[in-house]
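**Q** Sequence:
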Amino acid sequence: PSIKWMDKFVIFARYLNARVSEIVVCDYTLTYQKVVVKDGLNIFPKWANREQTELYYTKFLEKGPILYKYNIFTGQRSRIFDSKGMLIVSDVQGDNLLLTLAIDEQPDIYLFNTKNRSLQQITKYSGIDVNGQFYEDGIIFISDRLGYPNVYLKDKSGGVSRFVYHGRNHISVSAYKNLVVLSSRETNKAFDNNTFN
Numbered sequence: 001p002s003i004k005w006m007d008k009f010v011i012f013a014r015y016l017n018a019r020v021s022e023i024v025v026c027d028y029t030l031t032y033q034k035v036v037v038k039d040g041l042n043i044f045p046k047w048a049n050r051e052q053t054e055l056y057y058t059k060f061l062e063k064g065p066i067l068y069k070y071n072i073f074t075g076q077r078s079r080i081f082d083s084k085g086m087l088i089v090s091d092v093q094g095d096n097l098l099l100t101l102a103i104d105e106q107p108d109i110y111l112f113n114t115k116n117r118s119l120q121q122i123t124k125y126s127g128i129d130v131n132g133q134f135y136e137d138g139i140i141f142i143s144d145r146l147g148y149p150n151v152y153l154k155d156k157s158g159g160v161s162r163f164v165y166h167g168r169n170h171i172s173v174s175a176y177k178n179l180v181v182l183s184s185r186e187t188n189k190a191f192d193n194n195t196f197n
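Numbering (this note's numbering), first residue to last: 1 to 197.
Hint data in this document are derived by calculation from the structure and do not stem from the laboratory. A couple of the hints might just be wrong.
[Unchecked claim] In silico lysine-lysine, BS3-like type, Cα no more than 27 Å apart, as pairs:
(1) Lys69 x Lys46
(2) Lys46 x Lys63
(3) Lys84 x Lys124
(4) Lys63 x Lys8
(5) Lys115 x Lys156
(6) Lys69 x Lys177
[Stated by the list, open to error] If you anchor each label on the Cβ, the simulated ranges turn out as follows:
(7) Glu136 x Asp95: 30 to 36 Å
(8) Lys115 x Ala18: 36 to 42 Å
(9) Ser157 x Phe12: 34 to 40 Å
(10) Glu136 x Thr74: 30 to 36 Å
(11) Gly127 x Asn197: 32 to 38 Å
Model, not experiment: these values are computed from the prediction. For every residue, glycine included, the Cβ atom is placed at its ideal position computed from N, Cα and C.
Produce the entire structure from the sequences given, and follow the hints as far as they go.
**A** Rendered as structure tokens:
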């Protein structure tokens with residue numbers, strides 16, 4: 001099978017000290033590593049395009065988080081969005097970003113268009129809605145609507161339904177076309193050893 005996927009880069013944030021982290025670009029083996037963003041608390045990097053020339057990241061300042069777009073080849077940085085509370089880009093589809101924002105204390109999923117700078121609230125729940133991902137014609141995300149984190153789908157009609165019925169404590173989800181990858185607690189022990197897959 002093709003191993004062309006190994007030509008791609010990986011990005012991650014590396015925590016160094018209190019309120020200090022850097023964003024690193026590396027290959028899949030982690031042999032080649034290059035720090036591309038430093039100075040301050042820089043976290044939640046996300047590729048901005050398929051060519052992997054630009055990325056989004058959140059910089060935390062005293063006045064609140066700021067979302068930046070950064071070109072890893074030219075070093076050009078542009079300010080995209082300011083908020084208060086949580087600010088994370090969880091998925092990118094062209095000019096549309098799915099953001100996790102905690103504007104009114106509890107986090108919800110928002111759709112932000114970088115061209116016309118419009119912001120649309122996708123979920124409105126008194127608990128926790130995070131990690132929105134574009135999935136087919138809808139959006140999947142993590143929510144604690146059952147008292148523990150699980151994967152939910154908001155379809156194009158606006159309805160919200162539970163998406164995964166296997167395991168509990170789904171703390172992370174990612175989507176590609178009609179495929180979904182998630183982490184799941186396989187066992188049901190509250191205060192004992194559990195198995196995660």
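**Q** Look at each hint and say if it fits the structure.
**A** Consistency of the hints with the structure:
no., hint, verdict
1, Lys69 x Lys46, "holds, 9 Å"
2, Lys46 x Lys63, "holds, 23 Å"
3, Lys84 x Lys124, "holds, 17 Å"
4, Lys63 x Lys8, "violated, 35 Å"
5, Lys115 x Lys156, "holds, 22 Å"
6, Lys69 x Lys177, "holds, 24 Å"
7, Glu136 x Asp95: 30 to 36 Å, "violated, 19 Å"
8, Lys115 x Ala18: 36 to 42 Å, "holds, 37 Å"
9, Ser157 x Phe12: 34 to 40 Å, "holds, 36 Å"
10, Glu136 x Thr74: 30 to 36 Å, "holds, 35 Å"
11, Gly127 x Asn197: 32 to 38 Å, "violated, 25 Å"
In this structure, the earlier hints numbered 4, 7, 11 are contradicted, and the remaining ones agree with it.
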